[in-house]
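Residue numbers (my numbering), protein chains in the order written: chain W, 1 to 299; chain R, 1 to 333.
Check before you lean on any hint, since a few could be wrong.
Label-pair restraints from in silico Cβ distances [what the hints assert, rightly or not]:
hint	chain 1	residue 1	chain 2	residue 2	range
1	W	Thr-260	R	Ser-16	35 to 43 Å
2	R	Gly-316	W	Val-11	33 to 41 Å
3	R	Arg-103	W	Ser-31	49 to 57 Å
4	W	Val-11	R	Arg-222	40 to 48 Å
5	W	Thr-260	R	Arg-275	23 to 31 Å
6	R	Arg-222	W	Arg-14	25 to 33 Å
Here are some chain R residues pointing at chain W (derived, C-beta under 8 Å) [as the list claims (entries may be wrong)]:
hint	residue
7	Cys-36
8	Arg-44
9	Phe-45
10	Pro-69
11	Pro-70
12	Arg-71
13	Pro-76
14	Val-79
15	Asn-81
16	Thr-294
17	Val-296
Hints are computed from structural coordinates only; laboratory data are not their basis.
Every residue, glycine too, gets a C-beta built ideally from N, C-alpha and C.
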Amino acid sequence: MVAAPQLQDAVVTRMERHGSHFFTIGLRAGSIARQAEPGQFVMIAVHPQLAADSGFLAISSSWDPLLRRPFSIYRVNSAEEEIFLLGQATGRGSRILAAAVPGQVYSVLGPLGRPFRVEPGWKHLLLVGGGAGVAPLVFAGERFAARGIAVTVLFGFRNAGSVIGWEATSAWATSRYLVTEDGSAGKKGLVTDVLRRLLASASTTTTSTSSSGCDCGHGPAPTPARFDAILACGPAVMLKATAELARAAGVPCQVSAERTMGCGFGVCLSCVLPRPDGSYALVCQDGPVFASEEVDLSG
Amino acid sequence: MRRRRSISLASPVDLSVDLGRGLILANPVMTASGTCGYGEELARFIDLRQLGAFVVKGTTLHPRVGNPPPRLVETPAGVLNSIGLQNPGIDRVIAEKIPFLARLGVPVIVNIAGDTPAEYGELAARLDKVSGVAGIELNISCPNVEKGGMLFGADPQLAAEVVATVRQVTRLPVIVKLSPNVTDIGIMARAVVQAGADAVSLVNTYTGMVIDVERRRPVLARGVGGLSGPAIRPLAVYQVWQAYRALSDTDREGGGGGERSKVPIIGMGGITSARDALEFILAGASAVAVGTATFVRPVTVLEVVSGIREYCQRHGIRSLRQLVGAAHREGLA
Ligand SMILES: Cc1cc2nc3c(=O)[nH]c(=O)nc-3n(C[C@H](O)[C@H](O)[C@H](O)COP(=O)(O)OP(=O)(O)OC[C@H]3O[C@@H](n4cnc5c(N)ncnc54)[C@H](O)[C@@H]3O)c2cc1C
Ligand SMILES: Cc1cc2nc3c(=O)[nH]c(=O)nc-3n(C[C@H](O)[C@H](O)[C@H](O)COP(=O)(O)O)c2cc1C
Ligand code: FES
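Produce the complete structure using the sequences and hints provided.
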């Protein structure tokens, strides 16, 4: 059972910027840190909180932009009751949030949504991530590897300057594959190019070892060749292509979907994704993690 | 600090509200329809029993899948939505949704929307004897559906027809939710009250549009949507002010002349705090509803209850009724 979400005032513990677009923010959010499962997200107000004013209680320092922003939980430091978010400063809200400084208090709602589901007996997972979409996968890899599951990582980025979350995977990944669209880091190409190859070789060989695209420095320790499941997060086109390749290879695939969210907890009905039967799933409640065949990713 | 505490012990404040036909709320704060579902999600954050009433999502005779996405876009200090009344239909709402709220004991007001006056009647009739249902809110002001909706909300005769139809089939209190997308909300308020409404609620969302300049087309799949949130608050306060004026010389018996409106108004539009809620009360609302603010801060609705109580204590107000419409009586410069 997934834990009930909490509304928490969280102090910023750390703020780091990576290149011109990405940032990681650490927040002291005890109950969220304790309960969060990989794939879950938080809704964070992009403006810091004002101190409580008796009678007219603590509220955001501004109502514009009004809505909280959804961010996946990227890492958790249970000992320090910290959660980390990996953000990309794209529009107004995320850029305002990117200016946060340690010591400020932000209102965080979470953990929200359904996490990745790993079935008993699964021995080998493949994580397919693109851009900021690697965030929930890093948390997933860390957690599932700690349970003794072999984890292969396949991450893709635009260029070397936008590689993010890659360092963190070296501590637990069995094999790692990095691609960039311009070839300035790792292999040149798209994650789906490598994915096609991995799925093909997994179905013909009995063991695979770190292959040419991998720079993990691990020895040729054998890992189970077959992937029991693919967990994917990233741009919609990448998710769709990944889901199709997984289906063709007969490998179960879970995707973490993105939709504009008014509330993040199931009351506004804005975050809909069509199901094959024409009804709508709520990304914030029924997802964000879906079995790929549950939803129409092009909808 | 110490002083304030001693006042609060000495003077309990009467926050109760009489919405007519025996519907008495313990306090004036309720959820706004469509912003809190049917309660289960919000119950994870707040104790719903502390609400004056819970107003459920707009419910129709048959299930509705709602509009295609995008359904919501952020605007300056607001949101524009086009959900399209997605709901499981009245039968499942009665069977699966209302029992949860009824068990809690919070008064449940069911917001209903129909395509024809007869459909409103059918919906109201089915709700009449449902345990836990304390009142019906007629949504005659939804901008996000093809038929019905706004049409009824912009035409006093059609609106009166809907109300009269419903009035015949239910003994429950009937609240009519008014659209602000009219020239004179006072005319609408009077029409529905004369047709038998026990109370009016306002405002529903303002019709609006956001255009994606890169793609050169409206952001919302249906183009048009309804605007809500802090952006509309001054507009909404003024609509309540106007409705209060109009209803001050109208009452259900057709008589008139009283200085104060006898017909309760439920005010809403951009409320984020007790301060905001008090604006509506001073403009003439007997009760208030919190909508969009719940998306941002699910505890807002209860913060409004405690904030109003504290305000009354601070100002030595014994009964909230003293404040209803008080801004009219203070006179303007
Ligand atoms: C479940 C979930 C998890 C996410 N996790 C991450 C993450 O870990 N790291 C990260 O960098 N980004 C993540 N995103 C995307 C992130 O929420 C958006 O980049 C962010 O909301 C953009 O806000 P903005 O104000 O900068 O952009 P604007 O374009 O100004 O935002 C306008 C509105 O659109 C919404 N919006 C815009 N882009 C997106 C998007 N891609 N997905 C959802 N809503 C969007 C905003 O929330 C806001 O309501 C996640 C989205 C979802 C739904
Ligand atoms: C997403 C959304 C859905 C709504 N759905 C309904 C509805 O089903 N029925 C209704 O009468 N009003 C509906 N409303 C209108 C609200 O109840 C309220 O009248 C309006 O949003 C103004 O209040 P606010 O600014 O506090 O949100 C909806 C509003 C929003 C934002
Ligand atoms: S974001 Fe509001 S229902 Fe999903």
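Status of the hints after comparison with the structure:
no. : hint                                 : result
1   : W:Thr-260 with R:Ser-16: 35 to 43 Å  : holds, 40 Å
2   : R:Gly-316 with W:Val-11: 33 to 41 Å  : holds, 38 Å
3   : R:Arg-103 with W:Ser-31: 49 to 57 Å  : violated, 27 Å
4   : W:Val-11 with R:Arg-222: 40 to 48 Å  : holds, 42 Å
5   : W:Thr-260 with R:Arg-275: 23 to 31 Å : holds, 29 Å
6   : R:Arg-222 with W:Arg-14: 25 to 33 Å  : violated, 43 Å
7   : Cys-36                               : holds, 5 Å
8   : Arg-44                               : holds, 5 Å
9   : Phe-45                               : holds, 6 Å
10  : Pro-69                               : holds, 5 Å
11  : Pro-70                               : holds, 6 Å
12  : Arg-71                               : holds, 5 Å
13  : Pro-76                               : holds, 5 Å
14  : Val-79                               : holds, 6 Å
15  : Asn-81                               : holds, 7 Å
16  : Thr-294                              : holds, 7 Å
17  : Val-296                              : holds, 6 Å
Of the numbered hints stated above, those contradicted by the structure are hints 3 and 6, listed in ascending order.
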